[in-house]
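Those sequence lines, one after another, are chains X and H. Under the numbering used here, the first residue of the first sequence is numbered 290, with each subsequent residue one higher. Under the numbering used here, the first residue of the second sequence is numbered 290, with each subsequent residue one higher.
Honestly, the hints are just simulated from the structure, not real lab data. Among the clues, some could well be false.
Repeated chains share a single entry, so a pair holds when one copy, or any two copies, can fit it.
What the hints assert, rightly or not - List time: in silico SDA-like cross-link candidates among lysine to any residue, alpha-carbon distance up to 20 Å:
1. K346 / L435
2. K769 / I310
3. K524 / H707
4. K626 / R586
5. K346 / E335
6. K346 / S362
7. K604 / I658
8. K346 / A508
9. K376 / E406
10. K311 / K366
11. K311 / N352
12. K687 / D761
13. K393 / K540
14. K524 / L453
15. K478 / N306
16. K616 / A652
17. K366 / R321
18. K540 / A319
19. K498 / N757
20. K626 / T348
21. K387 / A508
22. K346 / K624
2 protein chains.
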Amino acid sequence: MSKEITSRQQDYSQWYNDLIIKSGLADYSAVRGCMVIKPYGYALWENMRDELDRMFKETGHQNAYFPLFVPKSLFEKEEENAEGFAKECAVVTHYRLKVNPDKKGALMVDPESRLEEELIIRPTSEAIIWNTYKSWIQSYRDLPLLINQWANVVRWEMRTRLFLRTAEFLWQEGHTAHATAEEAVAETKQMLEVYADFAEHYMAMPVIKGVKSANERFAGAVDTYCIEALMQDGKALQAGTSHFLGQNFAKAFDVKFSDKQNKLDYVWATSWGVSTRLIGALVMAHSDDDGLILPPRLAPIQVVIVPIFKGEEQKRLIDEKVVPLMKELKAVGIKVKYDDSDHTRPGWKFAEYELKGVPVRIAVGARDIEKNLVEVARRDTKGKLNMSLDGLAINIEKLLHAIQENIYNKAFSFRETHITNADAWDDFVRLLDEKGGFVSAHWDGTGDTEDRIKEMTKATIRCIPLNNQQEDGNCILTGKPSTQRVLFARAY
Amino acid sequence: MSKEITSRQQDYSQWYNDLIIKSGLADYSAVRGCMVIKPYGYALWENMRDELDRMFKETGHQNAYFPLFVPKSLFEKEEENAEGFAKECAVVTHYRLKVNPDKKGALMVDPESRLEEELIIRPTSEAIIWNTYKSWIQSYRDLPLLINQWANVVRWEMRTRLFLRTAEFLWQEGHTAHATAEEAVAETKQMLEVYADFAEHYMAMPVIKGVKSANERFAGAVDTYCIEALMQDGKALQAGTSHFLGQNFAKAFDVKFSDKQNKLDYVWATSWGVSTRLIGALVMAHSDDDGLILPPRLAPIQVVIVPIFKGEEQKRLIDEKVVPLMKELKAVGIKVKYDDSDHTRPGWKFAEYELKGVPVRIAVGARDIEKNLVEVARRDTKGKLNMSLDGLAINIEKLLHAIQENIYNKAFSFRETHITNADAWDDFVRLLDEKGGFVSAHWDGTGDTEDRIKEMTKATIRCIPLNNQQEDGNCILTGKPSTQRVLFARAY
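So here's chain X without its partners, still in its complex pose:
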């Protein structure tokens, strides 16, 4: 009874939804646009969170927690930011229910509990945090202030997709305060590097580091840096952003500090975040028609052991080998599961763990162990080989490293073959339609041209790569002079 998954070729979008649901990462919920993150998906998120959290702490950041609610009067203080998020805000207006006198067993909102001021559910926390920083920052000694928060946020979306775009999602948001613009820019770039490092070395997902055009900038930022990944259908996905906020929020919330010369100045700010959207990216970057392919460094289960036997005596002999093997694997830090449940057959289990993207499967058969052998299958290549039980843990450890590397290399070469230069409009459109991926083209630098290109092709400027090569050229649409190419793509 294998679980049917639509193939990528048939319907990429349905393939994605099938994978998420059937592998047990998440489920739809009764709340419009909100999802349930199931235990397997949450275990994956915990692994991602723990690595990121370690990286944030190693770069000097501390965690804190700020309120879910933002009073409307605070929310609107930084005007650009407020207007950028206004259309997506869930609003709390009342604080009490009462028995509905007209309907037995039902409750109604108590009209007498109307709030004097509406509370916005944070779509992002700059407003509430900068309002707090006002009382935390007086002198240069209080800087830099390097704080991160793990939290849920709400952005009301009309068209939602599991993990990629949900009304509520989990994320981390860093909010830092600095004495100089240079320090804040350095922090912004440092966190971009942390994100890129995480994407490449943990998610096995190559990313392009760049800066956003003005049109795509975070509302309220001076500059938005980003990492952009490429999915298997040729669409780009913004995987993380790091914003240099200048003094915008400090001015909106009147946050000043006195420097060593006792001179008052506004504080410089950054913010940066990644979210459960990364799980969507991970799924779309690597998986195949049989299920998830998870990179070993993030997989909740790295190795599954499946016994193959007839009768209790064979099972007992297998257990005798598996118990010490489990110990050895755990001793070298491998997350291993022994699935000896008796109500499903080995074939069903094989399919199930392929679907779940477990990197390595070890089948232990009664005959093989007589020869001191087990069958080891890797999820990424579907390759199988027999391995000796002697020194198996070390060999499995090596195999996991090899799988991590192979998954990255595969995604990297796909990405590399999907960055294409276009110098004529027809080519530009054809590339987007037929090949997908990033199209590198000249652009005249105006938001207007960017808007027109988006309207005509649905492609946006994903980023201007860091350390971009400077070369003279002409805008792909208007023919106006340009000094560098930028990366266009259709995107999630």
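Since the structure of chain X is already known, use the hints to place chain H on it.
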């Protein structure tokens, strides 16, 4: 410039607030009833969360995440639960803001974005979770379902206190489903034991395990088990609850399973939770007029090293000793901080780390290190002694164990001397007024009597202790026959 703290004797409640704010655990926020958990407080919460999470996973639970919002029609399905929380519900009614045409720079709720159905911000998640379990549970093979969630919840409170009672708080909520009542009751009791274990062995806070009277039961539960702690002012504090929910939620959400004989039955449920309230309990259980006293097993900083020197040469000599010492301490898993900041004097630092409750302070002076000695001060007893640098890490490790034990013992003997029997009404009232603590008295078992006692004395039944001794007696208020004493107290 030491930070002034009100003494316990002067004003216990103000002492508590002073401690929280001045030690940097938390801060007030711009949102009514919500607080900001500052980095030091959040680090403490992370330590608590990590230990609890480990304990939950060791007992077979998995984490997941369910939506923040509960549609009103789902919320009201389990009537008792809904009515119990109705008066504390924050309600989302709209999903968009727009520019306010009458006020420059201001936003207003867009009246056209009114939701068809209001969304309740979860005060607890039974409703949304059991609505989801309906599609996850079909057969006995799907049971037990052992899930926990770390999340924020909102309960609108009129009178709030930092950590103890805030409109939004962080917590974990376990929600499990079982095939039989016996299994569900066993789970309820198991999680109570986990909580008691955590309170006693990590928080160093003795607790009484018991069951609530009907009046104090969780809305929708068949039985509520609890752990009750005693604060230094003689008031009790409910530190965690574990509920046996019977089939109430399964019936409300129509969650049935087929058993091995293919017979359909409703599923049996439990839920259990502890929250950031535990931080308030920790503070009030142990701290003194000079600041926090944190148990070493949860302290974000276990050891602080303060150098005492004149001039750079002395500082250099001290650094030479401290660098390897830090390594040794970290090697045995001790969280150590070296505070060699130069803008505050040692005396200021001593006071600051006392305020922050760091269990051990090591002062390293230029003269002492010539003799290979450092001065070690423990926060709990304020005792100081000189220790040799040789083997210091091991001795500090032992000292941390001794401090953990001493803090527990002190709280335990305070608690033991504050459980007093009362057999006459006058004694009962005098004990509550003059001595505080738990008063053990007979009760006729009715909610009416309990209500009257509460009205007259502000004391409630904290619990009927597990394995309570059975003895004949007469109700402290009504004189009616009773078979056991119960514990009364005024409580937070």
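Legend entry - In rising order, the numbers of the hints this structure does not comply with: Structure breaks hints 2, 6, 8, 10, 12 and 15.
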